[in-house]
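2 protein chains.
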Amino acid sequence: MGQLTQDGVARRIIAAIKDQIHSGAHPPGSRLPATRALAAEWGVSRTTVTAAYSQLIAEGYLTSRPGARAVVAHGLDGAPAPVDPPPAARRLSEFGQRLLALPPPVPAASARLADFRYGDLSGADFPVLAWRRAVNRVSLRRVARLRYDDPRGSAALRVALQGYLWRARGIRCSSDQIVIVNGSQQGLDLCARLLLDPGDPFLFENPGYALARHAFTAVGGVEIPIPVDEDGLRVDALSSAAAATAALAPATLAYVTPSHQFPLGGVLSAGRRRALLDWAARSGAVIVEDDYDGEYRHGVAPIPPLRALAPDCVVYVGTLSKTLSPTLRLGYLVVPPSLERAFAEAKRLTDRHAPLLEQEALADLLTSGAYERHVRAIRRKNAERRAALLAAVAETLGDAAVVAGTDAGLHILLWLPGVPVAREAAILAEARAVGIGLYPVSPLYAPGGDRPACVGLVMGYAALEDDALRRGIAALADLLTTRGDP
Amino acid sequence: MGQLTQDGVARRIIAAIKDQIHSGAHPPGSRLPATRALAAEWGVSRTTVTAAYSQLIAEGYLTSRPGARAVVAHGLDGAPAPVDPPPAARRLSEFGQRLLALPPPVPAASARLADFRYGDLSGADFPVLAWRRAVNRVSLRRVARLRYDDPRGSAALRVALQGYLWRARGIRCSSDQIVIVNGSQQGLDLCARLLLDPGDPFLFENPGYALARHAFTAVGGVEIPIPVDEDGLRVDALSSAAAATAALAPATLAYVTPSHQFPLGGVLSAGRRRALLDWAARSGAVIVEDDYDGEYRHGVAPIPPLRALAPDCVVYVGTLSKTLSPTLRLGYLVVPPSLERAFAEAKRLTDRHAPLLEQEALADLLTSGAYERHVRAIRRKNAERRAALLAAVAETLGDAAVVAGTDAGLHILLWLPGVPVAREAAILAEARAVGIGLYPVSPLYAPGGDRPACVGLVMGYAALEDDALRRGIAALADLLTTRGDP
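If you read the protein sequences in the order shown, they are chains A and B. Residues 1 to 486 in my numbering are what the first sequence spells out, letter by letter. Residues 1 to 486 in my numbering are what the second sequence spells out, letter by letter.
Bound-form chain A, shown alone (with noise of 0.2 Å):
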């Protein structure tokens, strides 16, 4: 408590002088007060007083000669603070400009009645109790040295990692080729600064996945979008993009979503996968396998995807943000061997490598089994959830939705083809109004291209009980029969 007291003294003592000296009260080469003067003016100690000058002495305010009086240093006189120039000053870099350029993010709504807002997990569904057992377990781990680890993420995480995705996913790799990242975000974005240079023409699904089409473009990357059917990318449509686009070089990367396109919902058939495999095998491009819910299927075992099918051309992307959560941060990318260094070393400079204890606990959760336990609990109750909303939606919205993208994933895709696109604003802001949360498909469409005539809506499901889900369809329902009244 001294010690503070005197500390805190000191301190004020020490912001008085340097005032006195930037006011020019105490020009340059001028001695200070004695210590022995200062401390009774302050009425304190002078080891106080010869604590504060030791400061401004280390901080070049002072000089001092042994035995004589301390003078205030040359170089400081009367300059003002500095003067910041205005911020339009301070110039971005081009990925500053393209950043700030991209349409902003879909603010999360506070929907009282229910918030179909995809890419939200229920609170109530995280394994709590296992995960505290796992982070309890490992945090005792006694380590003698606390250092930086692989660029790759933990090498006990990477090799439960290949385990589970032979296992569930049918990949066969090894764990050098693994690279654990902070969620899937951080996979896209190392694609995009390893692969791309600014002007690259990349292929990516339309309508597609927002923030990987951010990624790509804010790195410099020209989209060429591929339109999308019920079968997921339509491979048929890669040659005449390419026509298209004869002025600019061939696409070096693909973005897909086999397993589940986002947002339409359709699962990539084997022809068309066999279909982009071939291009990619003549054209030399890397197909970047975005597999964020491929935990999630309805009826069909999963589809193998296209990282087991060409591991040399395939970036997978893996996510614990469907079946964890996506506050962990926990994603992993499978890459090709020959791109083994740079995406380890592009970890390394980006961040040096993902937390340690996260990847530790999930490692152990992977291990024990718990982890798969939790996944099948978890799809069990998701495909209760989507049951309810499918009910919900045939029984209370009839002939005014169609649904689509219904075997996989957390979300389905509602249209509605009785609304035209027009007056979607409108019916986004009277679904607020009544406290249900919608996110339309239309944002997720190349920009600049063709949109569809009506409304559709990504209806994520995850978030949501059966009585909320089914609360919220009716509202909706209500909103679209009194608005159709005249």
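Any given hint might turn out to be false.
In this list, chains with the same sequence are indistinguishable; a pair is considered to hold if it fits within one copy or across any two.
[Unchecked claim] No more than 25 Å apart at the CA atoms, straight line, and that leaves these computed lysine to any residue pairs for SDA-like:
| id | residue 1 | residue 2 |
| --- | --- | --- |
| 1 | Lys18 | Ile427 |
| 2 | Lys18 | Ala68 |
| 3 | Lys18 | Cys173 |
| 4 | Lys18 | Ala275 |
| 5 | Lys381 | Arg31 |
| 6 | Lys381 | Ala426 |
| 7 | Lys18 | Gly199 |
| 8 | Lys18 | Ala308 |
| 9 | Lys381 | Gly299 |
| 10 | Lys18 | Val403 |
| 11 | Lys381 | Ala391 |
| 12 | Lys18 | Ala392 |
| 13 | Lys381 | Val71 |
| 14 | Lys381 | Arg137 |
| 15 | Lys381 | Asp407 |
| 16 | Lys18 | Asp407 |
| 17 | Lys381 | Ala58 |
| 18 | Lys381 | Ala394 |
| 19 | Lys381 | Arg132 |
| 20 | Lys18 | Gln97 |
| 21 | Lys18 | Ala168 |
Treat the hints as calculated values from the structure; they're not laboratory data.
With the hints as your guide, set chain B onto chain A.
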């Protein structure tokens, strides 16, 4: 269990049919065996075969019409698995190429006697119990929805840091100006991406922190090395450096470590701070102030950071890697008000936001006072280590060593005036052979420029106990003496 077995058989049936299709045994358009026949052949139920066929239909291998048998789809005909072009054909971006051209990182030694690697902390110093308590406390908080957070990070942590920065470092800022990053490295990378275009010059301490240099050069920045002396960056050299590089645009970014220059260890004097800020105000450049070990100073009170003097032109980079653990990957930026949006959007694009659990645990430690208690304890402990190291050096090495940079931080610089730099590699190898990990200062100098004539060692001590420090220095002394003998 029954479910699993049936799934397993279905999977084998699926794989077998796919093989047959790929081998041409089932040409496109051909009908598959009736489910009854195949069920008999495999000795399984018809349900299992039906499930397998459904899956093959979903994957696009088969097509079906109601009432008719499934037929093999077209577009799969005998196409072999795609062949990957040679790895050379996978073109890396210019960023990727610059990245792989950087000098490789210094490998971590496994030195049995004493490893003086800078940046490591002792595992025994981590506040295991306080951290576990905080993690458990925050992991029990119920949240209705798990959703992406603010890209700048947890509001609770930013408010807690705002208070901490004012108490501990005299920095006044709004919590909107704080961006939580995955360790200071991510902060540096964000600065590089937002503030530098390829070809843009940046000012950099010489010698300086290698991974910061790499972050700036990987985005294409051109390093302008500014010499460093015992008072930190030689700000008087700014104008001559600018003149010498007149062909380039003016530098838009300067990187400095004012509270403890890495690696030479000087504390930037008040006069130089002022001159540097004047330069920034005149040139419109942004100063990146890396306060990597600002919590550790020995004998003198903390010096106000640049950010406290000129909030509008300084990005302050803080880290928890030197007080808690480098494996947590927790750091923060305090950005100028005019750059708030750019940094927030860059963080969102890069990885959405930092993992939430650690952020909330840290907020808990900060608000409960446990963090500052821990910092005081570890500061004391590291002061003891430093004293033990300095005593051992003085007693054992005597005139063979000149010590520098001892006023702050967690490392000292040990110059060996009698050992020419040509002997450096040999000395390091000999040291490693006897079990001491030594890390030279020479790779931290700007590529292609002058280096010191004698060997200098960056001696980190935060992971070593007193006896290891003493044994390590004794072994180094032995080695130097032996080597000096004929």
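Hint-by-hint comparison with the structure:
For the homomeric pair Lys18 and Ile427, neither the shortest alpha-carbon distance inside one copy (61 Å) nor that between copies (47 Å) is at most 25 Å. For the identical chains of this complex, Lys18 and Ala68 are intra-copy neighbours only, at 20 Å inside a copy versus 92 Å across copies, given an alpha-carbon limit of 25 Å. Taking the shortest Cα distances, Lys18 and Cys173 sit within 25 Å of each other only across copies (21 Å), while inside one copy they are farther apart (63 Å). Taking the shortest alpha-carbon separations for Lys18 and Ala275, only the inter-copy value of 16 Å comes in at or below 25 Å, while the best intra-copy value is 72 Å.
Taking CA atoms no more than 25 Å apart as the test, Lys381 paired with Arg31 passes in neither setting, with 78 Å inside one copy and 37 Å between copies. With identical chains, the CA atoms of Lys381 and Ala426 are never at most 25 Å apart, being 33 Å at best within one copy and 63 Å at best between copies. For a Cα distance limit of 25 Å, the shortest separation of Lys18 from Gly199 qualifies neither inside one copy, at 53 Å, nor across copies, at 40 Å. With identical chains, the CA atoms of Lys18 and Ala308 are at most 25 Å apart between copies only, with a shortest distance of 14 Å across copies and 67 Å within one.
With identical chains, the CA atoms of Lys381 and Gly299 are at most 25 Å apart within one copy only, with a shortest distance of 14 Å there and 60 Å across copies. When the C-alpha separation of Lys18 and Val403 is checked against a cutoff of 25 Å, the pair qualifies neither within a copy, at 71 Å, nor between copies, at 31 Å. In this homomeric assembly, Lys381 and Ala391 come within 25 Å of each other (Cα to Cα) only inside a single copy, at 15 Å, whereas the closest approach across copies is 64 Å. Taking the shortest Cα distances, Lys18 and Ala392 never come within 25 Å of each other, neither inside one copy (71 Å) nor across copies (38 Å).
In this homomeric assembly, Lys381 and Val71 never come within 25 Å of each other (Cα to Cα): the closest approach is 75 Å inside a single copy and 35 Å across copies. When the C-alpha separation of Lys381 and Arg137 is checked against a cutoff of 25 Å, the pair qualifies neither within a copy, at 28 Å, nor between copies, at 27 Å. For the identical chains of this complex, Lys381 and Asp407 are intra-copy neighbours only, at 15 Å inside a copy versus 59 Å across copies, given an alpha-carbon limit of 25 Å. Proximity of Lys18 and Asp407 under a CA criterion of 25 Å is satisfied inter-copy only: 21 Å between copies versus 70 Å inside one chain copy.
In this assembly of identical chains, the alpha carbons of Lys381 and Ala58 lie at most 25 Å apart only when taken from different copies (23 Å versus 64 Å within one copy). Taking identical chains as interchangeable, the C-alpha atoms of Lys381 and Ala394 lie at most 25 Å apart only when both belong to the same chain, with a minimum of 20 Å there against 68 Å between chains. In this assembly of identical chains, the alpha carbons of Lys381 and Arg132 lie at most 25 Å apart only when taken from the same copy (22 Å versus 31 Å across copies). Taking the shortest Cα distances, Lys18 and Gln97 never come within 25 Å of each other, neither inside one copy (40 Å) nor across copies (49 Å).
In this assembly of identical chains, Lys18 and Ala168 lie within 25 Å of each other by CA distance solely across copies; the values are 19 Å between and 66 Å within a copy.
Comparing the model with each earlier hint shows violations of hints 1, 5, 6, 7, 10, 12, 13, 14 and 20; every other hint is respected.
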